[in-house]
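K.L.:
For reference, the chains in residue letters:
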Amino acid sequence: MVMVPKIKLNINGKTVEVNKGKTILQAANSMGIQIPTLCHDSRLEPFAACRVCMVEVERGKSSALITSCSTEATEGMVIRTDSEKVLKSRKMVLELILSDHPKDCMTCDKCGTCTLQDLAYEYQVRDSRFFEKPDGGVTADENKAIQQDTSKCILCGRCVRICAEVQQDYAIDFKHRGFSTETGLPFGKPRRETTCVLCGQCVSTCPVGSLVEKRAVGKARDWELKQVKTTCAYCGVGCTMFLNVKGNEIVKVTSKTGSVPNDGNLCVKGRFGYDFVHHPDRLTQPLIKKNGRFEEATWDEALGFIAGKLNDIKSRYGPDTIGVFSSSRCTNEENYLAMKFARAAIGTNNVDQCART
Amino acid sequence: MTNSISEIKDCKLIFLIGGNPTEAHPIVGLEMKKALRKGCTFIVADPRRIWFAQHAKLYLPLKPGSDNWLLNAMAHVILAEGLENKEFIKTRTEDFENFREFVKDITPEKAAEFTGVPAEDIRQAARLYAKSEKSAIYYTLGITEHTCGTDNVRCIANLALLTGHVGKSSTGVNPIRGQNNVQGATDMCLPDKLPGYQLFSDEKVVEKFEKNWGVTLNKKPGNTAPTMFERMSTGEFKALYVIGEDPIMSEPNQDYTIKGLESLELLVVQDIFMSETAHYAHVILPATSFAEKDGTFTNTERRVQRVRKGINPIGNAKPDWQITCELSTRMGYKMEYPSPKEVWDEIASLVPMLAGINYGRIEQNGIQWPCPDIKHPGTKFMHEGKFPRGLGKFFVLPYRAPAESPDKDYPLLLTTGRTLYHYGAGTMTRRSAGIIHKTNDCFVEVHQADAGELGIFDGELVKVVSRRGEITARAEVSDKVKKGVIWIPMHFAEAAVNKLTMDAYDNITQTAEYKVCGAKIEKL
Chain A
1 MVMVPKIKLN INGKTVEVNK GKTILQAANS MGIQIPTLCH DSRLEPFAAC
51 RVCMVEVERG KSSALITSCS TEATEGMVIR TDSEKVLKSR KMVLELILSD
101 HPKDCMTCDK CGTCTLQDLA YEYQVRDSRF FEKPDGGVTA DENKAIQQDT
151 SKCILCGRCV RICAEVQQDY AIDFKHRGFS TETGLPFGKP RRETTCVLCG
201 QCVSTCPVGS LVEKRAVGKA RDWELKQVKT TCAYCGVGCT MFLNVKGNEI
251 VKVTSKTGSV PNDGNLCVKG RFGYDFVHHP DRLTQPLIKK NGRFEEATWD
301 EALGFIAGKL NDIKSRYGPD TIGVFSSSRC TNEENYLAMK FARAAIGTNN
351 VDQCART
Chain E
1 MTNSISEIKD CKLIFLIGGN PTEAHPIVGL EMKKALRKGC TFIVADPRRI
51 WFAQHAKLYL PLKPGSDNWL LNAMAHVILA EGLENKEFIK TRTEDFENFR
101 EFVKDITPEK AAEFTGVPAE DIRQAARLYA KSEKSAIYYT LGITEHTCGT
151 DNVRCIANLA LLTGHVGKSS TGVNPIRGQN NVQGATDMCL PDKLPGYQLF
201 SDEKVVEKFE KNWGVTLNKK PGNTAPTMFE RMSTGEFKAL YVIGEDPIMS
251 EPNQDYTIKG LESLELLVVQ DIFMSETAHY AHVILPATSF AEKDGTFTNT
301 ERRVQRVRKG INPIGNAKPD WQITCELSTR MGYKMEYPSP KEVWDEIASL
351 VPMLAGINYG RIEQNGIQWP CPDIKHPGTK FMHEGKFPRG LGKFFVLPYR
401 APAESPDKDY PLLLTTGRTL YHYGAGTMTR RSAGIIHKTN DCFVEVHQAD
451 AGELGIFDGE LVKVVSRRGE ITARAEVSDK VKKGVIWIPM HFAEAAVNKL
501 TMDAYDNITQ TAEYKVCGAK IEKL
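The listed protein sequences correspond, in order, to chains A and E. Heads up: the first sequence begins at 1 in the UniProt record's numbering, then just goes up one per residue. Heads up: the second sequence begins at 1 in the UniProt record's numbering, then just goes up one per residue.
There could be a bad hint or two in this list.
What the hints assert, rightly or not - Below 30 Å or equal to it, Euclidean Cα-Cα: the simulated DSSO-like pairs (lysine-lysine) are:
no., chain 1, residue 1, chain 2, residue 2
1, E, Lys208, A, Lys314
2, E, Lys134, A, Lys20
3, E, Lys375, A, Lys229
4, E, Lys259, A, Lys289
5, A, Lys256, E, Lys380
6, E, Lys34, A, Lys20
7, A, Lys8, E, Lys38
The set of hints was computed from the structure by calculation and includes no laboratory data.
With the hints as extra help, turn the sequences into a complete structure.
P.N.:
Right, dumping it as structure tokens:
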């Protein structure tokens, strides 16, 4: 093991020891001090765009405001995260961001999980001296996965960076200059014609309502959703994700940074491939084939029919003429029971699953 | 996988062969991209110029089915240039001398003839792999879906044994598993072994199961799926209970599979959709999706993880576990569990490698087996200090040709695979609006030179024909696939590539050779 040297610094009057190389933000978080951020995502390199994470660092007799997300903590630093200077700056930054952000939280799908909304509430920034009607709006794109509203974008660059740094697809970037700056696809092309793979990582990192799951729009307020932690049912990576459920419907699928093994990342299938659950093609009733056609049956009839037939075949031809195929799609418990059913109930070892094919 | 997903980012070298993680395992792909950003060297061997091939230090566009030559020739170079890990070979392995003798003749020049990869690139690959401080091999079905699939895996293991790149963090022999619970299904459900790979030959094991289940076990070895189909074709197999599988879409040689199923007196299909196979069933039982049930999946790094019920079953559907229990009880063998948790507890009590795992312990994060007791933290990487069998065994594995190679009549080599947007037989992804927007039809990747000779344009619908059948697909003409090779994804029932593939199997695992057969393309 390589030993990482330690350094000591003082934050809000308390001394803390951290590994060399950590940022001030990480050092503060390690002692339970929360510093607000908008452009920060632990999956990404520091970017220092939003300026919300400013802290005050003592420099001899004076002091300076610096971004805690991008500044390395060094030996002997003395930091305040809650001084008047910091709070004043933070409010000003929020005011500036809100100057170009619609005040339509009442209809926004992000309401309740929007970091900007939370910060505006925490710092009581109700209005902006600089407010102008934000330009942009919902981008026209016929894809069914991702909806972008450029008017809500705060230019934190998280979508651009997650696409470049984590996905390495480079599908989106900043466009235009000054007040016209927005993020998006090259030449305003639809997503399907670009290198965008519809992974929705941009949605997962957007701190505001600029990028949202399109099919969830208007379906539920965030606080109405029950989040059920589960494991993705597609490939063998086993990403931890949350089914966001309202009533008996999956409204969207999300994940959280720090989850194992995917650290909040999901792919197009995991994030957007859940519609099949509610698809009208789902089988909802046992079916028995009679005269070449399937007819609906009760569970009692169907299971009774199968049990009778299996027992009959077993007694006429022996258990080894019967087989059970289980599936990699089923749970461990179900595979175990299918195996036990073959061996204990039927009395054969003819039990296999799709792993070999 | 011998190692863990979290170790990928710290690999110094990744040798990726026969796998396309950015599409088939996107989140493992992201971890590899992380490694790439940190300067990890990539060697990619694949007949298609996949994402990682474009970003690799060394790209080896090998001919499908020639992996054996490439891997053995790399071993040849490692030994010829003295790059082997002598200490590791001496203390951790056996049968090395035979292996050394055997690979003496497998020169990179000879391998170049079979693989189509320049000899110098094979040398370079061997040197890079052997010399790097932390080399890991990652592979998927490009290695295993061959008649020589097991041989291929052993060739990979030989390389790891030769260099000692196993039993340490960020190294290892790592097959990335394709389906959510393919690891768990294999752990639970094999015809020749009891759960947790316990052997019938061990009397104590058999006794343990017999006592717990209250039955006397049938000791006659069970049939694998391909053997069951073989017995159906001769009429000596009578009934099949299919849970969550679609053999008509997933077994090779579709016509043969259908004939087999038609011969049965009873076919029960338990699924969430009317699958291709369900059409041939006598009874169909509606099961629930993963979102409607509790349980566990075991991922590719052997991590047992919770699946939790988010919504109630749709319609009158029931979870698979419940259906199997009810059916068993009706047949006269009582199976009653209040919930999957109690089933797991029974599994843990019978399977030593899972004994330390319970629902309480995996409430937050899953645990990686082997986990023999309740205090054990789980196993991040395997084979540290010792292999399960003691010493690592070198295998001498001469090349075996695929069951069917291209010839005069079927001059193209057809290989198959998966795409980012679809999954398996497509029953789930093709019913998801967010996904089908990007791609929803079958295509065949053709090299531009072959397309030129055939007079085919990009986007044109063409007929792909093999000795077993034909399908229609859209031609995607580019230089992505190697000349002489065509590639078709397996997700599209209306153009099912398994109408074309060959029902030839690996001699040990009975995995079908989906990766090589002869084919031709005709204009429509």
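K.L.:
None of the hints should be skipped; say for each whether it holds.
P.N.:
Consistency of the hints with the structure:
Under the criterion of a C-alpha separation no larger than 30 Å, the hint pairing lysine 208 (chain E) with lysine 314 (chain A) is consistent with the structure, at around 25 Å. Between the alpha carbons of lysine 134 (chain E) and lysine 20 (chain A) the distance comes to roughly 25 Å, so the proposed pair stays at or under 30 Å and holds. Note on lysine 375 (chain E) and lysine 229 (chain A): the hinted pairing holds, with a Cα-Cα distance of about 25 Å set against a maximum of 30 Å. Among the hinted pairs, lysine 259 (chain E) with lysine 289 (chain A) is consistent with the structure: their alpha-carbon atoms are about 18 Å apart, no more than 30 Å.
For the proposed pair lysine 256 (chain A) and lysine 380 (chain E), the alpha carbon gap of about 22 Å is at most 30 Å, so the pair holds. Distance restraint check for lysine 34 (chain E) and lysine 20 (chain A): the Cα-Cα separation of roughly 22 Å lies within the 30 Å cut-off, and the hinted pair is therefore satisfied. A C-alpha spacing of about 28 Å is found between lysine 8 (chain A) and lysine 38 (chain E), which places the hinted pair at or below 30 Å, so the restraint holds.
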